[in-house]
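Number of protein chains: 2
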Amino acid sequence: MDAKTKILRAGARIVLEKGFFDTGLSEVLAAAGIPKGSFYFYFKNKEDFGLHLIDFFAERQKAMVDKIYGDESLPYIERIRRVYKKQAKAFRKNGYKGGCPIGNLALEMGDRNDRFRTKLNEVFAAMKKRLAGHLARARELGQINTDIDVEQSADFILGSWEGALLQMKVQKSNSPHEIFDRMIFSHLLGGA
Amino acid sequence: MDAKTKILRAGARIVLEKGFFDTGLSEVLAAAGIPKGSFYFYFKNKEDFGLHLIDFFAERQKAMVDKIYGDESLPYIERIRRVYKKQAKAFRKNGYKGGCPIGNLALEMGDRNDRFRTKLNEVFAAMKKRLAGHLARARELGQINTDIDVEQSADFILGSWEGALLQMKVQKSNSPHEIFDRMIFSHLLGGA
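Quick note, the sequences are listed as chains A and B, same order.
Residue numbering for the first sequence follows numbering that gives the first Met the number 0, beginning at 0 and increasing consecutively.
Residue numbering for the second sequence follows numbering that gives the first Met the number 0, beginning at 0 and increasing consecutively.
Where hints are given, some of them may not hold.
Identical copies carry no separate label here, and so any pair may be met within one copy or between two of them.
[As the list claims (entries may be wrong)] Straight-line Cα separation of at most 25 Å, DMTMM-like style, residue types lysine to aspartate or glutamate; simulated pairs:
#1 LYS171 / ASP148
#2 LYS35 / GLU150
#3 LYS85 / ASP146
#4 LYS17 / GLU121
#5 LYS35 / GLU46
#6 LYS3 / GLU177
#7 LYS88 / ASP113
#8 LYS17 / ASP47
#9 LYS66 / ASP146
#10 LYS66 / GLU139
#11 LYS171 / ASP54
#12 LYS35 / GLU71
#13 LYS84 / ASP148
#14 LYS61 / GLU71
#15 LYS128 / GLU58
#16 LYS45 / GLU16
Hints were generated in silico from the structure; no laboratory data involved.
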């Protein structure tokens with residue numbers, strides 16, 4: 000693994016635990032086992048590191064989701080559903096600590112740094128666009144209600160999922176995921 | 000206004016802006032115009048202050064909501080809807096900075112402090128219980144689908160609303176509120 004990836008991986012773990020603002024670069028570099036000089040070879044400053052970290056989180060998220068969509072043994076709508084099941088399971092295994100790094104950074108940094116906010120907005124927009132595409136495919140296949148507006152549904156699903164993760168953290172319970180699953184996949188999207 | 004209330008009001012404003020962890024007591028006391036000695040007359044320490052602040056936020060929220068429910072000129076379901084419209088409007092006027100202090104504290108402090116998490120969970124539970132009661136009343140009045148599970152719907156609505164606020168902050172737009180409004184009040188609850 001190259002030094003840049005080592006820094007991003009260590010940073011991802013620490014930022015998910017402590018938030019970005021309270022994460023010190025020296026802590027990240029110590030965890031990555033990288034001397035400080037190398038950091039400035041890859042990143043201009045802490046802000047630049049944070050912006051790269053958002054890309055790192057977004058790519059990791061995309062890889063996880065793409066893998067699930069590639070599972071042709073499952074009905075299409077079930078793959079969409081599985082994305083949240085898988086995240087809920089990982090969250091539960093971690094004692095409901097951490098959660099969605101993109102959502103956490105949005106609440107932590109949205110008011111503080113407009114570059115972060117803009118970047119997070121782009122990441123969410125790309126996630127929504129992909130989800131809307133998957134919903135359109137599920138609609139074509141007759142697996143969800145045909146009168147669903149896929150763009151608006153994707154927006155709502157992503158927002159509601161962030162809210163469910165917040166509730167899971169506070170309740171230390173999987174129940175908000177179960178309710179999310181029922182409300183979105185049985186009530187809102189209807190289908191099979 | 001008594002000194003305790005002055006401290007809580009100043010604290011509420013600063014914590015909503017900066018988060019709890021990065022708010023200094025000296026800053027709160029300077030904003031409140033209260034000497035440090037008085038602080039320790041009312042609060043044991045910063046944590047104790049934070050726990051009182053959660054109650055303060057919760058009471059302010061409850062007063063806002065109760066006022067809307069008392070407006071007998073509006074159909075009952077419209078009062079429920081109005082709660083979110085009013086919060087969205089205030090958020091918009093503030094340039095989408097701040098947001099829901101309870102939700103922000105949940106994401107910021109949920110992993111860090113179990114007393115905060117437990118207290119925030121109690122506050123959310125009380126909000127959900129009241130909302131479930133209002134939904135039951137709307138259902139009796141025939142203003143929402145009769146097959147709605149009011150407990151689960153209340154859970155889902157509060158979670159989705161927190162998620163919508165997060166999206167509004169990132170997008171600096173009212174659009175997530177509009178989608179929330181349509182998805183919850185037209186699709187999920189159905190009704191008139």
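Comparing the hints with the structure gives:
1. LYS171 / ASP148: between (33 Å within a copy, 22 Å between copies)
2. LYS35 / GLU150: neither (44 Å within a copy, 53 Å between copies)
3. LYS85 / ASP146: neither (28 Å within a copy, 30 Å between copies)
4. LYS17 / GLU121: both (23 Å within a copy, 24 Å between copies)
5. LYS35 / GLU46: Answer is within: at 16 Å inside a copy they meet the 25 Å cutoff, but 35 Å across does not.
6. LYS3 / GLU177: neither (38 Å within a copy, 41 Å between copies)
7. LYS88 / ASP113: between (32 Å within a copy, 21 Å between copies)
8. LYS17 / ASP47: both (18 Å within a copy, 21 Å between copies)
9. LYS66 / ASP146: neither (28 Å within a copy, 37 Å between copies)
10. LYS66 / GLU139: Answer is within; shortest intra-copy Cα gap is 21 Å, inter-copy 46 Å.
11. LYS171 / ASP54: between (28 Å within a copy, 21 Å between copies)
12. LYS35 / GLU71: neither (45 Å within a copy, 64 Å between copies)
13. LYS84 / ASP148: both (23 Å within a copy, 22 Å between copies)
14. LYS61 / GLU71: Classified as within; 18 Å inside a copy, 49 Å across copies.
15. LYS128 / GLU58: within (15 Å within a copy, 39 Å between copies)
16. LYS45 / GLU16: both (17 Å within a copy, 21 Å between copies)
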